[in-house]
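Q: Read off the chains here:
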Amino acid sequence: MTDKEAASVSVTKANSLRGGPDERGRFGIFGGRFVAETLMPLVLDLDKAYKDAKADPAFQAQIDYMQRDYVGRESPLYFAERLTEHLREKSAASGGEGGAKIYFKRDELNHTGSHKINNCLGQILLAMRMGKTRIIAETGAGQHGVATATVCARFGLPCVVYMGTTDIERQKPNVFRMKLLGAEVIPVTSGTGTLKDAMNEALRDWVTNVENTYYLIGTVAGPHPYPAMVRDFQSIIGEETKRQMLEREGRLPDSVVACIGGGSNAMGLFHPFLDDPSVKIYGVEAAGKGIETGEHCASLKGGSPGVLHGNRTYLLQDEDGQIKDGHSISAGLDYPGIGPEHSWLHETGRAEYVSATDREALDAFQLCSRLEGIIPALEPAHALAFVTKLAPTLPKDHLMVMNLCGRGDKDVFAVADHLGVTL
Amino acid sequence: MTTRLEKRFAQLNAQGRAAFVTFITAGDPDFDTTLGLLNGLPGAGADVIELGMPFTDPMADGPSIQASSQRALRNGASMKKTLDLVRRFRESDNDTPIVLMGYYNPIYHMGVETFLGRAIEAGVDGLIVVDLPPEEDDELCVPAMKAGLNFIRLATPTTDDKRLPAVLANTSGFVYYVSITGITGSASPQARNVEAAVKRIKGHTGLPVAVGFGIKTPEQAAEIARAADGAVVGSAIVDAIAKEIGTDGRVTPGAVERVLEFVGKLATGVHAARKAAAE
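Protein chains in written order, with the working numbering: chain A, 3 to 425; chain B, 36 to 314.
For the record, the hints were derived by calculation from the structure and aren't laboratory data.
Glycine included, every Cβ here is placed at the ideal spot set by N, Cα and C.
Each pair of labels, with its calculated beta carbon distance range:
1. B:Arg235 <-> A:Ala60: 32 to 40 Å
2. A:Lys303 <-> B:Pro178: 25 to 33 Å
3. B:Ser127 <-> A:Asp419: 53 to 61 Å
4. B:Lys234 <-> A:Lys303: 52 to 60 Å
5. A:Arg253 <-> B:Asp196: 55 to 63 Å
6. B:Asn48 <-> A:Pro189: 43 to 51 Å
7. A:Ala418 <-> B:Lys251: 46 to 54 Å
8. B:Arg125 <-> A:Met130: 49 to 57 Å
9. B:Asn48 <-> A:Gly21: 49 to 57 Å
10. B:Thr149 <-> A:Lys303: 25 to 33 Å
11. B:Thr38 <-> A:Glu241: 52 to 60 Å
12. B:Pro178 <-> A:Glu241: 41 to 49 Å
13. B:Glu296 <-> A:Ile31: 45 to 53 Å
14. B:Asn74 <-> A:Arg131: 53 to 61 Å
Chain B with its partners taken away, still in its complex shape (with noise of 0.2 Å):
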């Protein structure tokens, strides 16, 4: 069976560039804006959406993200809106993929069996969980893939070679690679590590890999791409949606259009990067 997200990637692979992952944190400041938001992703150039599951306590994230999950916490947000959204995004578009990333609790508590059946149905093609290493496979990443989900897997500096084929192992989709030791939107990758780095995992799989954590500027996006199959940018876009707030908790008018305006510039720098390396 071959999913949405490896339709995605061998369709950029042909055509010889490199995939733009955005990320947003579902619900973010509330449900319509991110659904403005989903809906708009694809024509401002995303190829895959990942689609955070707010947490109360975002451990790997920086305070960005952190903000972000608390927003959309104030706001009513809930692991059944995210399904919801995902829903409401596939009546309109059945070729993007959409990744869900957070940590494991609210999985946990909704029960594995119940939240893939649900995530599946609502339309998600794979799940990135923060908090679960592959010492940790049997709890959910076993029975995604059973039940046909993509489990990406996050490698780190950290991860040295003789542990990179245990945490590739069970991965599929594409393999996320954190570019910095650290947490979300902190410092930003040095192009020269990360190239490295992917020639280290391309070494041990086949699957694309697709490079995160950090990245802010359309040139910092375009850099990644040359260097990986995929540039992931979330801290920056979810940055680009807290200015639209005012202070009363809303968003101004015309914030899902500044915002998709923004992510159309990464996506440039994204996929005019591999065109100008081969000229």
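Pulled out of the complex, with its shape left as it was, chain A reads as follows (with noise of 0.2 Å):
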């Protein structure tokens, strides 16, 4: 190597945005280690341990062995042909010409149906290593739930899910495949029973068992190490992604959609094209009833900077820095915090932040089942809703991804329900 090139090698690492977080977690300001003393050592512990994983090219081969041969990956990237050529109409009738060409990644067709297995199966090979000899979880719309008794049933350890009760009625199906995969689902009652109680009670079963349990949290948050550990498992979706599209257009996609409750799907496909400065970056977040309403769950929209669940991070909050439960027609965006990194890309301006309502979700989940024969998960229909706004604005030769993290057999009900049909 010239001195030049080494030159300019350590320049590109030094600007990397990949690079975080530092040693104490922190993305910027944001991320950290914000948990009792109780569960200290044990985050201190992990964090060794997922270094020491990482760094052992049989746990990588463990990894890819099961993510072929049980999850199914790689997972397709997929255009979107129909829905492409509707919005070049929508575009045509208000007298454009554009109408980006779109890309679906399919990591609904994952095993378990979403994209949440992608960072399970990480966690759970980590898990054995430690080992640790019982898992924990909790789960909003299920999906994590359900992966982790996924992973749990294929590796045989005891695994407890903590839901809410307003997620459990509104995602039966998921809690029932939980309880086929041999998971005990613990109904959370306190607060408004969603994602965050499930969290919060996770962290006190923790706080219990410190000796023999593992705790797999589903998404980019939490205490360090959990954010950039979850995006890494998850960032096998923006490798592939990226792969592919060399593959299929001979250059790197001009955009990257997905939708943000926690934001593991969102990092996942993120990560790998932050240092690529000509793809735009949008993140969509749940706006509920509206943001004007304040009945949503747009946390970077319409929240600041707190501490919650282990990490600083966008919280929706009041004046008096309680915690104000979100509302959003899909429990897995159902969260008032999202993961620190996107915080951090929110605050750097490298991704944009946009939002999509529940009517949205709605619609544009009906029309992706109508145009593609796909029916997506609720989750993934925020980011579509948005994908459906903004590609007709775009010229013809943008290529335009979004991630498919969900599919939507676990929203039928809710679906129909809110569409007045009785089943």
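Dock the two chains into a complex; use the hints.
A: Have a look at this one:
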């Protein structure tokens, strides 16, 4: 390597947006380790164990094998032809000549029906490396709970899933699925009985059962190293997308779009593209009944920085620093916080965060079902709602990738209810 | 500078007895009940008062204290009112140390400097902030110490000898040993384990060690008081308050007196412990 090359390498590294977090788990001011002393030694152990595992080729080989033969990766990058045509017609109808070329990253085709399994696989292999014998998890939509119950069944570990009573009601199929897989589902009645309350209860369990228990967090939030670790396990989404797009189109996409609750599918898609400035990055939060109504889950658009569940990040909170309950039609997005790396990407401006309402998501849900023969989960339906707005304003040679991170089987009953259909 | 906390522990040490540390949640179930309790606690035998700052998501607390936070918030509790309670208490008591206990977000949201200024002005002596481990000391612990407040750290059974020095480094006032791994108000501590743990901590610090989490009866309080410099009772007192709340969410007449009577029994247990041991 010449001096000039060496210099350029180090410059690239110094300017990389992919180097975070720092040793304290911070992305700028966000992230950190805001946990009770009882948990702190465990969090430090986990950090060390994860670093060791990451450096061990055997660990990666184990993940690769399971990703291929058990999960069914890689997931296809699919050209959504009829949706693209539809949005081009929409553009033409308003006198335009646009309509971006839309691809779906088909993570809904994974075993268990969403991207959640990518992370669960990595973490359960790590838990076993650490000698843990009991797995706990929180779940909102139930996708993470199902994915956790699945890997626990596969590796023969007992599994306890905390789930809010409101979510249990609106996600019955997933509750039954978890039970079939041998997991114990514990209803959480505190607060509004949603994801945040389930996370509080899981933390209480962990603090009580520190010796043998591994807390398998489902999103890019929580104390360091969770946000970075979950992101790493999900980054396979973006890495595959990059490779597939280069093969298909010979170049990088112009934009990538994903929905955000905690933000793990989004972080997995975004992270490999952070250092490619030509790629625009859009995260879509849940606007619920509309941000102006106060009933939403858009932490970045409608919240402010605070500390909850082990990290500093944008939160929905009142003037006294009390956490507010979110609202979304989608249980998976119904969380008053967001992963700290997203807060950082928001503040630095590398990613742009927008929102879609319940109504818009329901419309996109139906549009996708009819045009592409794919029933999406309500979560990516939010991302799709934004795609239907943005794509018509862009030129036809604009390559857009949306992460179709989950399938909608679980939502069929809830959607029927919202549409006034009795099943 | 000697703080009220340091003075109090020094006095108790000279008298050869352990401190009885009581916890109640500010505004549970309303402002006036808490003020009545605060004013009566020293007379009932409380040596140090921990006042809980209500938070919507008390992740390290069990059902009793979670419910007390929710009751208080439903009835309009806020950081401002918590500090008002301390200010009102100080009008008649300038000796009993008050430690605010809670979670970081409401403090962070107010702004650390603003909070510290208002807390000192109100007459607060120390802080226990559950979700601020030593790794995050520059957030609040160091600024609080500089401002003259004690920052009391929790040590737990998972805090091993390697980690203890880091945990104790910026601790002042006293060390709060959490006697079990778990949430507040759950399993009761084993006196023998507590004795060993207190000895272990004392090998690393000259600070007094108070023990809490799971103490429910005067007998248990006495047992802990024999092994440590202080016994902390929280959930049991909060439960006694909860029992006084009617279906309308209001406390029944005479509630404050009855709760203080229960506190008095616990206090007798703590205060008699060392004497009994010495005889």
